[in-house]
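Here is what each chain is made of, one letter per residue.
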Amino acid sequence: MPTPALELKNITKRFGHKVVANKNVSLTLNHGEVLAILGENGCGKTTLMNMVAGIYYPDDGRIFINGHEAVIRSPRDAFEHGIGMIHQHFKLVDIFTAAENVVLGVHAGKKDNLKDVNSRVSEIAAKYGFSIDPKKKIYDMSVSEKQTVEIIKVLYRGADILILDEPTAVLTLQEIKRLFEILRRMAADGKSIIIITHKLNEVMEVSDRVTVMRKGENVGVVNTAETSEAELTNMMVGRQISLNIKRSEPVDPKPRIIVEHLDYTNPEGVKILKDVSFTARGGEMLGIAGIAGSGQREMLECIAGLIRPQTGTITFINPKENKPVTFFHKKISQVRRLAAQGKFHYPDGTRVSLKGMSRKSVRKLVRDEQILFDENEIMPLRDKTPLEIRELGVKLSFVPEDRLGMGLVGSIGIADNMMLRSYRKGRGVFVNRSKPKKLGQTLIKKLGIITPSIRTPVRRLSGGNVQKVLVGREISSSPKVLMAAYPVRGLDINSSYLIYNLLDEQKCTGTAVIFVGEDLDVLMGLCDRIMVINSGRITGTVDARTADKETLGYLMTKTQGDKADGSN
Amino acid sequence: MEATKDRVKEPLMWITKRDGMNPVFIWLIRVLAFVCGMLACGLIAFALIEQLRDEPSRITEFYKCFIDGVVKNDDMKWTFAKDVAILLCISVALTPAFRMRFWNTGAEGQTLVGVLAAVGVNFYLGEPYARSHVADARLLAPMLVAALLAGALWALIPALFKAKWNTNETLFTLMMNYVAIHLVSFCLAEWVPNGSNTISINDDMPTLFNGLAAVAKKNHKYSNYLTIILTVLAVTVLIYIYIKYTKHGYELNVVGESLRTAQYVGIKVKKVIIRTMLLSGMLCGLAGFLIGGVLDCTVNTESVGGQGFTGIMVAWLASFNPLIMILTSAIITFLNHGASQISTAFDISGALPNVMIGVVLFFVIGSEFFINYKLNFRKHAREVRA
Amino acid sequence: MTAFFAFFKTYLLDYFVDSLAFGATFMYGSTGETLTEKAGHLNLGIPGIMCMGGAGGCLVLSFIGASGLPPFLIVILGILGAFAMGVLMGLIYSFLTVTLRANQNVTGLALTTFGVGLMKVIMSNKKLMVAQNYLIIPKEYFRFPFASRQDSLQRLGVMFFLAVIITIAASYFLYRTKTGLNLRAVGENPATADSAGINVSRYKYLATCIGSGISGLGGLYYIVDYMASNEAYLSIEAYGWLSIALVIFVLWRPHLTIIGSFLFSVLLSCSSFIATIPGVTPSMSAKPLMRMLPYVFTIIVLILSSIRNKRENQPPSSLGLSYFREER
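Protein sequences, first through last, are from chains A, B and C. At position 171 of the first sequence the residue is numbered 171 (the numbering used here), and the sequence of numbers has no breaks. At position 234 of the second sequence the residue is numbered 234 (the numbering used here), and the sequence of numbers has no breaks. At position 99 of the third sequence the residue is numbered 99 (the numbering used here), and the sequence of numbers has no breaks.
By construction, these hints were calculated from the structure, which means they are not laboratory data. One or more of the hints may lead you astray.
What the hints assert, rightly or not - Heads up, simulated DSBU-like pairs for lysine-lysine below, C-alpha to C-alpha not over 30 Å straight-line:
id	chain 1	residue 1	chain 2	residue 2
1	B	Lys268	A	Lys425
2	A	Lys135	C	Lys178
3	A	Lys9	A	Lys23
4	A	Lys425	A	Lys384
5	B	Lys247	A	Lys445
6	A	Lys115	A	Lys91
7	A	Lys395	B	Lys247
8	C	Lys310	A	Lys136
9	A	Lys91	B	Lys17
10	A	Lys558	A	Lys215
11	B	Lys268	A	Lys435
12	B	Lys244	A	Lys438
13	A	Lys438	A	Lys246
14	A	Lys435	B	Lys270
15	C	Lys310	A	Lys271
16	C	Lys310	A	Lys135
17	A	Lys91	C	Lys310
18	A	Lys343	B	Lys271
19	A	Lys395	A	Lys360
20	A	Lys343	A	Lys355
21	A	Lys215	A	Lys246
Chain A on its own, in the form it takes in the complex (with noise of 0.2 Å):
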């Protein structure tokens, strides 16, 4: 039996003293292979190969390199034992060009000199078929053609075994149709190539044999020609499990935002949401299933307003009147230029001109409702940004997946971040401490929140508690939507049930409820209906008490008609 090039034994590798991101995992990858590594998102795929490429260093266990045991410590050492690895995020720096980024760090005895590197980069992209200008400058460069520097980085430190981990993800097609074919030609070449994915028709298409990760440890390996997408499902989600999450009956669903053809391309020009359109309902909980970067943060960012969509409508239902939102008068100045632009009429429908009334006749006008907003005149939230969408009276709540980035301030304590989004609340110059403050207690007391003071900087509290604090602070606004991204990653089971069951009580005073999760299991354990993300678009809406992981895990994988990627 041939050596292989690269074999893993028990492997085991821990985060802190509870999180086991790899128990006992081994595995072998032999010479001129394509090795696929299935497995849902956090299943410790990722974790792995970073052992193998120098990032981490495992807790235990061994790993050969062609028969003899290696030490990897840094990514220089996995360089000298011929091991390159492609990472998810590129590293690359933006204002140099293909090949300048190839050569960094190379020093092996080579002369120091720039001139030969562009030739020597085109050779390798030659020998097997990229394509690639190596003067070209990074920040010039699409996703695709980053995704190829990268990889002639690792050939050209002369890596025998290459990583790359999801390599698909931002590639369209075409282009992931090209990168197989590369693959295939190094394999052919005698390279050993890991792939890690969590897309089974990709799995089919490219590789020799699968090993499927769940949680952390190696499931099994098969052969790919003797596998099927269904057993490989079956593999990677394993057996249902009923989580036993509260799950209240929705109450009287209507619909409460309505998204149209949302179309999303970001500034580094990937398209990230195509033709997005759902309905979400007052009194339900919409959960958001799909693979992680699928769009899930862009979708909600756009109803937020913190991104701006290129095309598509979203409509706010207002829950009191039950028809979409149209004027609130929050401000006399908005009143004003709205009334500039013939956009108010008087009971008897005569337009209304505002000029030279003082503020206080436009105020009271506006309150006693003597003067009307044309009843047409559907302001959309699109293109608003999140105070404007404030002052049209839309009570949209936004739990982001950056907890310290963006949804609190890490420096400050919980009363500072209490008022976060109510601080502009009450006349003066002052800012009110004291209701702030109040809630902060009453959270803390109410979601038992553990920190040393009410002033202690939110940063040093540990995930959970950050987490209670942000959902807490977004609750309490008694809010009409309520939008959360991820709201409990890396959080422990008994913060992740306090979590659920916030969320379902909010579900049951009649908010729209929107859960982006990415454990099945929760997501249909606590969600009325699970819509389906794929790489931008939705590919379904399902019933959550009805629906199964196979079906789900299907529309989350599945590639769509190619009618409209298959062109670029």
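Could you slot chains B and C onto chain A? The hints should help.
Just chains B and C now, kept in the frame of chain A:
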């Protein structure tokens, strides 16, 4: 065998970030650093000053002399307090900008144009004879306004470009200092064609609150010092309140902490940047007015004398807390005055204070590391697998 | 046309050559600062470093000036003294900002305060510099090979050409060698450089220290060569700040500092030049205005480059930020 050698996984020593050190320890480390800095100053003086080397016992005299530089007589005490106040004013002025992570290195220029504007108003609007002798008391208000506006303008220019095009503010504000300095030279050349390179209009300046002189009965002749000290103290407290308790202050803290959070809650970042820099520049302008309107009514390129830069260090030393700045500006001024005294007493260059300040700062700046990071030492080599 | 040539020969040539010579001060300062900034460190201590470089060189000169060593050796030792003192200052700065990860702006300003002060103490110390005997070496020693010429060329000497060579070498190093590429990567994106196996701290230390050494030469050059006066040391600080401006003005490209420094010094000495033309008396206020222009131009360049937002013309991305590899 090779594998066993490689099994040593932990390095001998490694660094991790630290957060939330006990404040007592934080201050202990800082005080320790300050003491070490002072000892190093002694060593440097020992190396430089002949007399000390001849009679090593006089090294204690060195430190005594240091303190003498501040408290020897009333005049020294008052001058000390006044200098602390001016430095404090500039540091406090920088605070809102720094809190917002807007690295305003232009306090020198912003203060200097304040001085220039104050003196300029008196020059153009004062009685013809007063131009060369006394500032017109009625002009104090216009002088103040002119100084505030000039300072604000000097800060506004970089702020606008930062807000609109994200122009690097550190470099921009730094360059504005030298534009200001040469603007002063230009005005002097215009105003004083004889070329004395300084304009002095003052013999006995009226003060803002002559009434305050009564409060300081005994120290009558220092009434304008008192004016400055009280004004600056008031400003310090006001800015403390502004940062801590107002909506504006809350906003600028959030902007400084995280731009994304600011956007998330709907803060208009550009507006906050411009507004905060206007305030910062205006306070620098106030410092300029205190120097050029209340104290001397003179202007030259050295009117601010590098305090705009020192102010940055003072503000940083105080972790951008205006109340702590009272202490840090006092320490820096103490070093300055003490070392000046030494340079006179031991007949050495007048630049000695700068050396001493530099040395002490090195120690204090370096000590910050032990507050923010933790050194971990390997306790034991990890087990070697048999 | 002939009239122009005559005018050029009589007045302009001197003026331009003198400006070239003057500019070498900033060439040293800004080339050194560029190296440091390319490693991601905004060193506001350059004025102090230039001052101390000058003091270091002068110390050596005052000790060996009268020793009877061959002139070229004296010159070389003086240059080495200035370089060594610059490196020493750079060491203080890099220890604080690289190893101890201190705030770069504050450290730089403290270094300037310290350096300027200590230089003044040293230069005015009677024992160390008896009767300013660092000037015992005639400036002609530094003016090899043109020292004996009578025309304006005699202003340019070894230290001027050294400045040009260092500047061009620095440019070649940064943009044409792998080590230079690695250095730029450290300043752009230290995390990427780190993962590519580059020793970030070592690069930062070396760039800062060598850069500081080069800047230090500027101080010596100005005191003993360009000015050759015992009051020259008082104005080095101002030229230190101007050197930092020059780095921005040439958009972090060392080879352009040759032109930039020439332009700056043309502006700085413009009014003195005008005064030399018979029949023209510049107004008193023209001089400060001309001296303001380098800074104004720098600001304009800064603004334009941020408006155009061309990636190559921006300050190094991690300028001013400490790098700390998180334990993950």
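Hint check results:
1. Proposed proximity of B/Lys268 and A/Lys425 is supported: the alpha carbons are some 16 Å apart, at most 30 Å.
2. Distance hint between A/Lys135 and C/Lys178 is fulfilled; the C-alpha atoms sit about 15 Å from each other, no more than 30 Å.
3. Restraint check: the Cα-Cα separation between A/Lys9 and A/Lys23 comes to about 11 Å, which is no more than 30 Å; the hinted pair holds.
4. Restraint check: the Cα-Cα separation between A/Lys425 and A/Lys384 comes to about 20 Å, which is no more than 30 Å; the hinted pair holds.
5. Taking the CA atoms of B/Lys247 and A/Lys445, the gap is near 27 Å; set against the 30 Å cutoff, the hint holds.
6. This hinted pair checks out: A/Lys115 and A/Lys91 have alpha carbons roughly 23 Å apart, not beyond 30 Å.
7. Taking the CA atoms of A/Lys395 and B/Lys247, the gap is about 22 Å. The hint holds against a cut of 30 Å.
8. Using a Cα cut-off of 30 Å, the hinted pair C/Lys310 and A/Lys136 holds, with the two alpha carbons roughly 15 Å apart.
9. Distance hint between A/Lys91 and B/Lys17 is fulfilled; the C-alpha atoms sit about 23 Å from each other, no more than 30 Å.
10. Proposed proximity of A/Lys558 and A/Lys215 is supported: the alpha carbons are some 22 Å apart, at most 30 Å.
11. For the hint linking B/Lys268 to A/Lys435, the alpha-carbon distance of about 24 Å falls within 30 Å, and the restraint holds.
12. For the hint pairing B/Lys244 with A/Lys438, the CA-to-CA distance comes to about 18 Å; that is within 30 Å, so the pair holds.
13. A C-alpha spacing of about 29 Å is found between A/Lys438 and A/Lys246, which places the hinted pair at or below 30 Å, so the restraint holds.
14. Taking the CA atoms of A/Lys435 and B/Lys270, the gap is about 28 Å. The hint holds against a cut of 30 Å.
15. Using a Cα cut-off of 30 Å, the hinted pair C/Lys310 and A/Lys271 holds, with the two alpha carbons roughly 24 Å apart.
16. Note on C/Lys310 and A/Lys135: the hinted pairing holds, with a Cα-Cα distance of about 17 Å set against a maximum of 30 Å.
17. Taking the CA atoms of A/Lys91 and C/Lys310, the gap is about 21 Å. The hint holds against a cut of 30 Å.
18. This hinted pair checks out: A/Lys343 and B/Lys271 have alpha carbons roughly 29 Å apart, not beyond 30 Å.
19. Only pairs whose Cα atoms come within 30 Å are accepted, and A/Lys395 paired with A/Lys360 is accepted, the gap being roughly 26 Å.
20. Between A/Lys343 and A/Lys355 the CA atoms are separated by roughly 14 Å; this keeps the pair inside 30 Å, and the hint holds.
21. Between A/Lys215 and A/Lys246 the CA atoms are separated by roughly 24 Å; this keeps the pair inside 30 Å, and the hint holds.
Violated hints for the displayed structure: none, as all numbered hints are satisfied.
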